[in-house]
Amino acid sequence: MSPVPAPLLSPAIAATPSYAESRPALTLCAVDAAALPTDESLMLAWAGGELRAFETLYARHRSRLYSFLLRQLRDAALADEMFQDVWQRVIAARAGWQPDAAFTTWLFRIAHNRLNDHWRAARHRPPAPGDADERVARMSDTRTPESQLSEFEERRRLQLAMEQLPDEQREVLQLRLEQELSLEEIAQITGVGRETVKSRLRYAMDKLRAGLSE
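Per the working numbering, the sequence shown starts with residue 766, numbered consecutively.
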(Lines of atoms letter the chains of each structure in order from A; the text may use other names.)
(Lines give C-alpha, C1' and ligand atoms only; values in the text may rest on other atoms or scores of the structure.)
Protein backbone atom coordinates (compact mmCIF):
# COMPACT_ATOMS: atom_id res chain seq x y z
CA MET A 766 0.00 0.00 0.00
CA SER A 767 1.47 3.32 -1.06
CA PRO A 768 2.29 5.88 1.65
CA VAL A 769 -0.13 8.72 2.35
CA PRO A 770 2.01 11.87 2.56
CA ALA A 771 1.25 14.95 4.55
CA PRO A 772 -0.57 17.51 2.42
CA LEU A 773 1.35 20.11 0.46
CA LEU A 774 1.01 23.78 1.24
CA SER A 775 -2.07 25.19 -0.43
CA PRO A 776 -1.51 27.45 -3.46
CA ALA A 777 -3.06 30.33 -1.51
CA ILE A 778 -0.44 30.05 1.24
CA ALA A 779 2.44 29.54 -1.17
CA ALA A 780 1.37 32.69 -3.00
CA THR A 781 1.37 34.95 0.07
CA PRO A 782 3.97 37.74 -0.06
CA SER A 783 5.78 36.50 3.05
CA TYR A 784 6.35 33.15 1.32
CA ALA A 785 6.52 33.91 -2.38
CA GLU A 786 8.67 37.03 -2.11
CA SER A 787 11.46 35.26 -0.25
CA ARG A 788 14.53 35.41 -2.44
CA PRO A 789 16.08 32.07 -3.45
CA ALA A 790 19.73 31.93 -2.48
CA LEU A 791 22.59 29.56 -3.12
CA THR A 792 23.86 29.45 0.46
CA LEU A 793 22.14 26.22 1.46
CA CYS A 794 22.84 24.28 -1.73
CA ALA A 795 26.47 23.68 -0.92
CA VAL A 796 25.93 22.51 2.67
CA ASP A 797 27.87 19.33 3.39
CA ALA A 798 25.71 16.34 4.36
CA ALA A 799 27.75 15.88 7.53
CA ALA A 800 27.07 19.45 8.64
CA LEU A 801 23.41 20.00 7.91
CA PRO A 802 22.05 23.31 9.21
CA THR A 803 19.96 23.30 12.37
CA ASP A 804 16.28 24.17 12.31
CA GLU A 805 17.09 27.42 14.06
CA SER A 806 19.74 28.46 11.53
CA LEU A 807 17.33 27.60 8.72
CA MET A 808 14.62 29.72 10.30
CA LEU A 809 16.98 32.67 10.60
CA ALA A 810 18.15 32.18 7.02
CA TRP A 811 14.55 32.10 5.83
CA ALA A 812 13.77 35.27 7.80
CA GLY A 813 16.67 36.82 5.91
CA GLY A 814 15.10 35.93 2.57
CA GLU A 815 16.33 32.43 1.71
CA LEU A 816 13.36 30.48 0.37
CA ARG A 817 15.27 27.21 0.26
CA ALA A 818 15.66 27.38 4.04
CA PHE A 819 11.89 27.22 4.44
CA GLU A 820 11.62 24.37 1.95
CA THR A 821 14.12 22.38 4.02
CA LEU A 822 12.28 23.13 7.27
CA TYR A 823 8.98 22.13 5.73
CA ALA A 824 10.38 18.86 4.39
CA ARG A 825 11.82 18.01 7.81
CA HIS A 826 8.67 18.62 9.83
CA ARG A 827 5.62 18.18 7.59
CA SER A 828 5.07 14.46 8.28
CA ARG A 829 5.48 14.57 12.05
CA LEU A 830 3.27 17.66 12.36
CA TYR A 831 0.55 16.13 10.21
CA SER A 832 0.73 12.87 12.17
CA PHE A 833 0.33 14.80 15.44
CA LEU A 834 -2.68 16.74 14.18
CA LEU A 835 -4.36 13.68 12.67
CA ARG A 836 -3.93 11.71 15.89
CA GLN A 837 -5.41 14.56 17.94
CA LEU A 838 -8.28 15.50 15.63
CA ARG A 839 -9.06 12.03 14.25
CA ASP A 840 -10.55 13.67 11.19
CA ALA A 841 -8.54 13.91 7.97
CA ALA A 842 -10.31 17.00 6.65
CA LEU A 843 -9.83 18.89 9.93
CA ALA A 844 -6.21 17.76 10.16
CA ASP A 845 -5.52 18.97 6.61
CA GLU A 846 -7.13 22.33 7.36
CA MET A 847 -5.24 22.84 10.62
CA PHE A 848 -1.99 21.68 9.01
CA GLN A 849 -2.33 24.49 6.46
CA ASP A 850 -3.25 26.98 9.18
CA VAL A 851 -0.23 26.13 11.34
CA TRP A 852 2.18 26.60 8.44
CA GLN A 853 0.44 29.83 7.47
CA ARG A 854 1.09 31.11 11.00
CA VAL A 855 4.72 30.02 10.76
CA ILE A 856 5.07 31.94 7.50
CA ALA A 857 3.39 35.03 8.95
CA ALA A 858 5.66 35.02 12.02
CA ARG A 859 8.98 34.34 10.29
CA ALA A 860 10.24 37.93 10.21
CA GLY A 861 9.97 38.40 13.96
CA TRP A 862 11.03 34.91 15.01
CA GLN A 863 13.78 34.67 17.63
CA PRO A 864 15.59 31.45 18.65
CA ASP A 865 14.38 31.61 22.26
CA ALA A 866 13.30 27.97 21.99
CA ALA A 867 13.92 25.10 19.59
CA PHE A 868 12.05 25.44 16.30
CA THR A 869 10.28 22.13 16.94
CA THR A 870 9.02 23.40 20.31
CA TRP A 871 7.79 26.61 18.72
CA LEU A 872 6.09 24.75 15.84
CA PHE A 873 4.25 22.34 18.11
CA ARG A 874 3.32 25.18 20.45
CA ILE A 875 1.49 26.79 17.53
CA ALA A 876 -0.23 23.47 16.81
CA HIS A 877 -1.13 23.06 20.50
CA ASN A 878 -2.69 26.54 20.62
CA ARG A 879 -4.68 25.91 17.45
CA LEU A 880 -5.95 22.62 18.87
CA ASN A 881 -7.03 24.41 22.05
CA ASP A 882 -8.87 27.01 19.95
CA HIS A 883 -10.61 24.21 18.08
CA TRP A 884 -11.69 22.34 21.21
CA ARG A 885 -12.98 25.52 22.82
CA ALA A 886 -15.05 26.27 19.74
CA ALA A 887 -16.29 22.71 19.26
CA ARG A 888 -16.67 21.89 22.99
CA HIS A 889 -16.31 18.20 22.20
CA ARG A 890 -14.01 15.74 20.51
CA PRO A 891 -15.34 14.35 17.22
CA PRO A 892 -15.84 10.59 16.87
CA ALA A 893 -12.87 8.77 15.41
CA PRO A 894 -13.32 7.93 11.70
CA GLY A 895 -12.45 4.40 10.72
CA ASP A 896 -9.41 5.33 8.64
CA ALA A 897 -7.64 7.83 10.92
CA ASP A 898 -5.26 5.28 12.41
CA GLU A 899 -4.62 3.72 9.01
CA ARG A 900 -3.76 7.07 7.41
CA VAL A 901 -1.07 7.75 10.01
CA ALA A 902 0.34 4.24 9.70
CA ARG A 903 0.51 4.36 5.90
CA MET A 904 2.76 7.42 5.99
CA SER A 905 5.82 5.16 6.40
CA ASP A 906 4.51 1.64 5.76
CA THR A 907 7.00 -0.91 4.38
CA ARG A 908 5.73 -4.09 6.09
CA THR A 909 4.29 -7.33 4.71
CA PRO A 910 0.49 -7.75 4.56
CA GLU A 911 0.59 -10.27 7.43
CA SER A 912 2.57 -8.04 9.74
CA GLN A 913 0.44 -5.06 8.72
CA LEU A 914 -2.71 -6.88 9.86
CA SER A 915 -1.20 -7.94 13.18
CA GLU A 916 0.26 -4.53 13.91
CA PHE A 917 -2.94 -2.79 12.81
CA GLU A 918 -4.91 -4.80 15.35
CA GLU A 919 -2.43 -3.89 18.09
CA ARG A 920 -2.44 -0.24 17.01
CA ARG A 921 -6.21 -0.16 16.98
CA ARG A 922 -6.38 -1.50 20.54
CA LEU A 923 -3.86 1.13 21.61
CA GLN A 924 -5.76 3.86 19.74
CA LEU A 925 -9.03 2.89 21.41
CA ALA A 926 -7.34 2.96 24.80
CA MET A 927 -5.80 6.37 24.05
CA GLU A 928 -9.20 7.74 23.07
CA GLN A 929 -10.35 7.15 26.63
CA LEU A 930 -7.64 9.44 28.02
CA PRO A 931 -8.34 13.09 28.90
CA ASP A 932 -7.16 15.47 26.17
CA GLU A 933 -4.19 16.81 28.12
CA GLN A 934 -2.93 13.31 29.00
CA ARG A 935 -3.27 12.05 25.44
CA GLU A 936 -1.43 15.07 24.06
CA VAL A 937 1.62 14.78 26.34
CA LEU A 938 1.77 11.02 25.73
CA GLN A 939 1.82 11.53 21.98
CA LEU A 940 4.42 14.29 22.17
CA ARG A 941 6.62 12.06 24.32
CA LEU A 942 6.24 8.69 22.59
CA GLU A 943 5.57 9.59 18.96
CA GLN A 944 7.36 12.92 18.60
CA GLU A 945 10.15 11.91 21.03
CA LEU A 946 10.25 15.32 22.70
CA SER A 947 11.81 15.91 26.09
CA LEU A 948 9.78 16.72 29.20
CA GLU A 949 11.11 20.28 29.06
CA GLU A 950 10.04 20.69 25.42
CA ILE A 951 6.58 19.30 26.16
CA ALA A 952 6.26 21.69 29.10
CA GLN A 953 7.08 24.64 26.82
CA ILE A 954 4.63 23.44 24.17
CA THR A 955 1.73 22.87 26.54
CA GLY A 956 2.44 25.79 28.87
CA VAL A 957 2.61 23.75 32.08
CA GLY A 958 5.44 22.82 34.45
CA ARG A 959 7.76 19.86 33.98
CA GLU A 960 6.32 18.08 37.02
CA THR A 961 2.81 18.48 35.62
CA VAL A 962 3.98 16.88 32.37
CA LYS A 963 5.48 13.97 34.35
CA SER A 964 2.26 13.55 36.30
CA ARG A 965 0.12 13.54 33.16
CA LEU A 966 2.42 10.99 31.53
CA ARG A 967 2.30 8.75 34.58
CA TYR A 968 -1.49 8.84 34.80
CA ALA A 969 -1.77 8.29 31.04
CA MET A 970 0.51 5.24 31.12
CA ASP A 971 -1.34 3.78 34.10
CA LYS A 972 -4.68 4.18 32.31
CA LEU A 973 -3.28 2.70 29.09
CA ARG A 974 -1.94 -0.35 30.91
CA ALA A 975 -5.27 -0.84 32.64
CA GLY A 976 -7.17 -0.44 29.38
CA LEU A 977 -4.95 -2.83 27.42
CA SER A 978 -5.09 -5.48 30.14
CA GLU A 979 -8.87 -5.74 30.02
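Keep in mind the hints are simulated off the structure, nothing from the lab.
For clarity, every value in this text was computed on a predicted model and none was experimentally measured.
A few of these clues could be false.
Derived SDA-like pairs (lysine to any residue); straight-line CA-CA distance at most 25 Å [unchecked claim]:
(1) K972 / Q929
(2) K963 / L930
(3) K963 / Y823
Structure-based check of each hint:
Of the supplied pair hints, the one linking K972 and Q929 holds, its CA atoms being roughly 9 Å apart against a limit of 25 Å. Among the hinted pairs, K963 with L930 is consistent with the structure: their alpha-carbon atoms are about 15 Å apart, no more than 25 Å. Restraint check for K963 and Y823: not satisfied, since their Cα atoms lie roughly 30 Å apart, outside the 25 Å limit.
Checked against the numbered hints listed earlier, the structure breaks hint 3 alone; every other hint is satisfied.
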